[in-house]
Structures are given as structure tokens and as C-alpha cells.
Amino acid sequence: MTTVTSTRPAAQRADRRRALARRRGYSVFRFVAIVAVCVIFAFPIIWLFLAAFKHGVDIYSADKTFIFEPTLDNFGSVFGEQNFLPFFVNSFIVGVVSTLLSLLIGLPAAYAMSRFRMGRYAAVVLLARVVPSISLIVPWYFIFVKLGFTGGYAPLILSHMFLSVPLIIWILISFFDGLPEDLEESAQVDGLTPIGAFLRISLPLSVPGIATAGILALIFSWNTFLFSLILSGSATKTLPVAIFNFIGYASIDWGGLMAASAAITVPIIVIAIIFQRYVVSGLTAGATKG
Amino acid sequence: MSTQTFPISRREALSRWANRHRKWILSGPALVFIVLLLAIPVVYTAYLSLTDAESSLRADFDIVGFENYVEVLTDTERFWPAVLRTVVFTVGVVAVEMVAGIAIAVLLRREFRGQSIVRTIIITPLVATPVAIAMLWRLIFEPTIGFANQLLAFFGLPPAGWLSDPAAALPTLMFIDIWQWTPMVVLIVLAGLTTVPEEPEEAALVDGTNSFQRFWYVTLPLLRPTILAALMLRSIEAFKTFDILYATKGAGGGSAHEAETINIYAYGTNFVDNRYGLASAALIIFFVMVLILVVIQLRLRGRNK
Numbered sequence: 046m047t048t049v050t051s052t053r054p055a056a057q058r059a060d061r062r063r064a065l066a067r068r069r070g071y072s073v074f075r076f077v078a079i080v081a082v083c084v085i086f087a088f089p090i091i092w093l094f095l096a097a098f099k100h101g102v103d104i105y106s107a108d109k110t111f112i113f114e115p116t117l118d119n120f121g122s123v124f125g126e127q128n129f130l131p132f133f134v135n136s137f138i139v140g141v142v143s144t145l146l147s148l149l150i151g152l153p154a155a156y157a158m159s160r161f162r163m164g165r166y167a168a169v170v171l172l173a174r175v176v177p178s179i180s181l182i183v184p185w186y187f188i189f190v191k192l193g194f195t196g197g198y199a200p201l202i203l204s205h206m207f208l209s210v211p212l213i214i215w216i217l218i219s220f221f222d223g224l225p226e227d228l229e230e231s232a233q234v235d236g237l238t239p240i241g242a243f244l245r246i247s248l249p250l251s252v253p254g255i256a257t258a259g260i261l262a263l264i265f266s267w268n269t270f271l272f273s274l275i276l277s278g279s280a281t282k283t284l285p286v287a288i289f290n291f292i293g294y295a296s297i298d299w300g301g302l303m304a305a306s307a308a309i310t311v312p313i314i315v316i317a318i319i320f321q322r323y324v325v326s327g328l329t330a331g332a333t334k335g
Numbered sequence: 004m005s006t007q008t009f010p011i012s013r014r015e016a017l018s019r020w021a022n023r024h025r026k027w028i029l030s031g032p033a034l035v036f037i038v039l040l041l042a043i044p045v046v047y048t049a050y051l052s053l054t055d056a057e058s059s060l061r062a063d064f065d066i067v068g069f070e071n072y073v074e075v076l077t078d079t080e081r082f083w084p085a086v087l088r089t090v091v092f093t094v095g096v097v098a099v100e101m102v103a104g105i106a107i108a109v110l111l112r113r114e115f116r117g118q119s120i121v122r123t124i125i126i127t128p129l130v131a132t133p134v135a136i137a138m139l140w141r142l143i144f145e146p147t148i149g150f151a152n153q154l155l156a157f158f159g160l161p162p163a164g165w166l167s168d169p170a171a172a173l174p175t176l177m178f179i180d181i182w183q184w185t186p187m188v189v190l191i192v193l194a195g196l197t198t199v200p201e202e203p204e205e206a207a208l209v210d211g212t213n214s215f216q217r218f219w220y221v222t223l224p225l226l227r228p229t230i231l232a233a234l235m236l237r238s239i240e241a242f243k244t245f246d247i248l249y250a251t252k253g254a255g256g257g258s259a260h261e262a263e264t265i266n267i268y269a270y271g272t273n274f275v276d277n278r279y280g281l282a283s284a285a286l287i288i289f290f291v292m293v294l295i296l297v298v299i300q301l302r303l304r305g306r307n308k
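If you read the protein sequences in the order shown, they are chains A and B. Number 97 in this note's numbering belongs to position 52 of the first sequence; there are no gaps in the numbering. Number 33 in this note's numbering belongs to position 30 of the second sequence; there are no gaps in the numbering.
Hints were generated in silico from the structure; no laboratory data involved. All C-beta atoms in this analysis are idealised placements derived from N, C-alpha and C, irrespective of residue type, glycine included. Be careful, since some hints might not be right.
[Claimed, not checked] Partner residues aside, some chain A positions facing chain B, computed with beta carbon under 7 angstroms: (1) V82; (2) P89; (3) Y105; (4) I150; (5) Y156; (6) L181; (7) V183; (8) T238; (9) W299; (10) T310; (11) A317.
Please put together the full structure from these sequences, using the hints given.
If you want it as C-alpha cells, here you go:
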């Protein structure tokens with residue numbers, strides 16, 4: 046690296062100065078690189094929000110990229126003409142109900158799999174996360190139609206649960222693995238049954254884990270497209286499916302499309318900002334433990 | 004416990020029974036749910052793949068043996084190109100996402116002012132609705148009004164067709180996927196970096212290595228399990244990509260099927276052409292491919308332990 050042969054003070058000082066300059070050079074590089082990363086990942090989203098507030102003609106104009114007269118017309122067409130409110134309600138109902146039901150069956154399962162080291166069963170759960178959605182939706186659709194079980198909320202909620210249950214189990218297994226068993230054991234010594242110890246001791250302690258899993262499941266359900274595309278009826282359409290209303294055979298209502306995209310994304314971004322820590326730990330759960 | 008002799012109430016007995024079998028009482032509902040929704044469809048798909056089911060869902064169909072498999076596997080016009088595109092897409096995006104993701108994670112590793120804002124920015128592409136993201140890129144890459152061509156014009160370059168150009172559609176889609184999922188690798192590697200002990204790096208620093216050497220010979224080997232986990236997660240997810248492809252190019256993947264991956268091919272065969280038997284055969288083949296991918300990666304991971 047640097048010359049260490051010289052021991053004279055003058056040379057040492059020169060060395061130190063060079064090292065300092067290099068460090069400063071790196072700081073500048075690092076700053077520029079971080080700004081670049083921010084621009085690359087933030088710009089498209091900012092662009093989306095800008096376009097959502099633009100008049101139709103301004104979207105078509107190159108010199109109105111950043112400076113333009115904002116308008117709420119596009120949101121008017123989203124919530125007025127296209128009447129998006131029911132789709133928001135549908136997405137909300139499907140998301141909340143599927144997440145709560147998934148927690149109800151996923152939480153105890155994750156606990157049992159962690160405490161009884163049910164590795165092979167956890168692998169089955171993992172398999173459910175690995176299978177391509179398309180290879181499930183084709184037979185589900187076939188079976189649901191034959192059973193006359195389409196159009197309502199039930200098939201949508203079931204299909205979204207199929208995504209949330211494995212996600213929740215996966216996140217919570219690693220959470221319970223990190224929760225010491227001593228507390229439950231001493232509670233059992235004090236007279237609680239094992240299930241009682243789970244309900245009264247471990248459950249309250251796992252609130253952060255439950256929050257992580259629940260928030261992630263809610264986001265996943267909100268974003269799920271393929272299952273909803275096939276299984277939702279005209280009255281139960283969720284947002285990612287309804288957004289295609291802005292794409293006609295002949296033309297695309299870009300303003301409305303951008304406003305709808307922005308409106309769908311805003312709740313998720315707000316959740317991600319408020320619960321950043323949970324979202325990050327949920328997204329990376331299982332990946333760092335190997 | 005069973006040595007107790009005094010009579011017990013029914014409630015007590017139930018509680019004792021529940022506690023004795025708690026392993027299955029707690030995990031049973033979820034396991035039954037998953038197996039029901041996983042195994043029945045797979046078996047049913049395997050059955051359908053041997054039939055000539057098509058057009059109306061309620062129409063009768065007959066067993067035709069392996070005809071569908073023969074048709075799929077000899078289809079060099081749509082199926083095999085779709086397989087090739089899926090592989091190109093997966094390998095391409097995962098390679099770029101891994102390298103860029105690790106680089107950005109290392110960049111963001113040490114604390115700095117505004118770190119949490121940068122993190123929020125990084126998470127946004129991950130959590131934003133993929134269909135909405137696809138729509139936004141559709142506008143950016145729109146040839147006449149999109150920002151991408153404005154940018155090219157700014158640098159004096161000729162406009163490109165992007166998503167509407169059959170030759171450029173797949174690379175453009177790969178770019179979108181890379182934009183959306185590189186942050187996933189960043190988050191995983193950042194989480195992995197917090198578990199890496201600092202002593203080896205400090206020792207290397209004392210030994211007079213430069214920062215690249217420290218990263219390459221010290222940090223990277225320590226991160227191996229994390230990197231393999233990210234690799235596995237991303238390749239499986241990339242292999243299954245559907246939303247952005249469908250939202251930008253529709254069923255069929257464009258006029259020349261230029262963005263048709265196995266996913267889109269199976270969707271089109273089933274829900275557009277209504278050839279359920281044929282689609283099922285393609286799905287079984289796809290399913291086997293994913294399983295092979297998983298087994299290979301588990302082996303890789305196993306060898307590293």
C-alpha cells in the first residue's frame with residue numbers, strides 16, 4: 046500500500062496527507078454514489094406522482110416534464126367516472142380478512158414447527174412459496190368453476206391466504222426460534238399447561254413478530270395480481286385488476302392510469318415508511334439465517 | 004402424568020388431550036390448508052394434462068395419454084422460445100441484481116446522515132404494487148411521449164422503441180425487473196452484513212490490505228451463506244415473473260410473442276386459447292423445472308454448510 050520503509054518524519058507526514066486525501070476522495074465518491082442510487086430508485090416513483098397531477102396535454106409535452114400546472118382531474122376520473130372506491134374496499138376486505146385468517150392458522154403452526162423442530166413440514170410450507178402461482182390458478186379455476194364457487198370474496202380470500210400462510214409461518218418460525226423457551230418452561234412449573242404457556246407467555250412476547258408477518262401479508266395481498274385477475278368477479282375486482290380499466294383497445298388514458306397507480310401505491314408507501322423496521326425484517330426473514 | 008387416579012372433569016380431560024397432541028392441534032389447520040390447496044391442484048393438473056379438455060369448462064373430455072406432452076415438447080414455435088426467454092430473463096436479471104445489490108449494500112453499510120431516508124427510498128420499489136410499477140414504466144418507455152426517449156434526445160441519440168420493439172422488449176422488461184428487485188438483494192446483504200463479525204476485517208486492516216482486498220478476501224467469504232440465500236430467493240422469484248410481463252405486453256407477450264415466458268405461455272394457452280389439457284402439460288413441465296432449480300440450489304447450499 047504505502048511506503049513503510051521510510052521512518053523520517055517528513056515522509057511520514059506526506060504519507061498521512063496522502064492517506065487523508067484518499068479518504069476524502071472516497072467520501073466524495075461515496076456521497077455521489079449514494080445520491081445516484083437515490084435518484085435511480087426514487088425518480089420513477091416521483092415521475093409517477095408528477096404525471097398523476099398533470100393535465101393530459103402536459104403528459105405529452107417534453108418541456109412540461111417538471112414544471113407544469115397541477116390538476117386533480119385525473120383523480121377525478123379515478124374516483125368519479127371509473128368509481129374506484131369499491132375496488133379500494135374490495136382490496137381492503139380481501140387483504141384484512143385473508144391476513145387475519147392466515148395469522149389465525151399460521152401463528153400456532155409456526156410456533157409448533159419451531160418448538161417441535163418440524164423441519165420437514167416447514168419444507169412443505171416453503172414449497173408452497175416456491176410453486177409458480179400460474180400452476181395453481183389453472184386447476185383452482187377449473188375446480189372452482191365446477192363447484193360453482195366463483196365471483197364472491199371466498200375464492201379470492203382463499204387464494205390470497207395461500208400466499209400469506211406460508212409467508213407468515215416462514216417469518217414467525219425464525220421469530221419463535223429466537224424466543225427463549227425458559228420462560229415457557231418456568232410458566233409450566235408454575236402450573237400453566239403448555240398451550241396456556243404459549244397463549245399467556247409466548248404470544249404476548251411475539252407481538253413484534255406478529256406485526257411483521259401481518260404487515261407483510263397485508264402488503265402482499267394488496268399487490269397480488271394473478272389470483273385476483275382470474276378469481277374476482279365484476280363486483281369483487283381488486284385494485285391491481287381494476288387498473289386495467291384505463292387501458293382501452295384504441296387508446297390509454299395516461300393521466301387516469303398514473304393517478305390510479307399512484308393512489309394504489311400511496312397506502313403501501315405510507316405503511317412502509319411508518320413500519321420500516323418491520324417491513325425490512327419481514328422481507329429479509331429466513332434469508333439471513335441460512 | 005397418567006398415574007393420577009382421582010376423577011377428572013371432561014373439560015380437564017379435553018385440555019389434557021389438547022396439550023398432549025398440541026404439536027398437531029397447533030400446526031394441523033395450516034398444514035391441512037396448504038396441502039389441500041397445493042396437492043389437489045397439482046394432482047388435478049397432472050390428470051388434466053393427460054386429457055383433451057378444451058373450449059368449455061363444462062364440456063366432457065377424454066384421456067388422450069401423453070399427447071399434450073408431445074405437443075408441448077415438440078412446439079418449437081412458442082414453447083421452446085418461451086423456455087429460452089425465461090432462462091435468459093432469469094439468469095440476466097439475477098446476475099445484475101446480485102452484483103448491483105451487493106455493491107449498493109456495501110456502499111450503504113457504514114452509518115451516514117440520511118440513512119433512513121435512503122432505506123425508505125430503497126424499499127419503495129419492493130413494496131409498491133407490481134402492476135402499478137409496470138404502468139409507470141410503460142409511460143416512461145412509451146416511444147412518443149415517454150421520458151426514456153426524451154432522455155435519449157437530450158444526449159442527441161435517436162429514439163428507441165423500448166417495450167413496443169420486439170427486439171428490445173425483453174431487455175427493457177429485464178431492466179424494469181432489475182430496478183424493482185435489486186433492493187431486495189441490498190436489504191438481504193445489509194442484514195447479512197450486520198451478522199458479520201468485525202474482527203477479521205480489523206485484523207486485515209492491521210495487516211495493511213486495501214479496502215478492495217478486505218472486501219474480496221474477508222467480507223465476501225463471510226457473506227457467502229447470505230449471498231446464496233439471496234441468489235436462491237431471487238432466481239426462484241425471477242423464474243416466476245408474471246405481473247410486469249402481463250401488465251406491459253398482455254397475454255401472449257406481444258404480437259411476435261417477444262415477451263412470452265413459460266408463465267405467460269401457460270396463461271395464454273389456458274385462459275385465452277382455452278386449451279386446458281395442453282396448458283396443464285406445460286404447467287407440469289414448468290413445475291418440474293422449478294423443483295429442479297430448487298433442488299440444485301439446496302444442494303449448493305448444503306455443500307456450503
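Earlier hints that do not hold, by number
When the structure is compared with the hints, none of them turns out to be violated.
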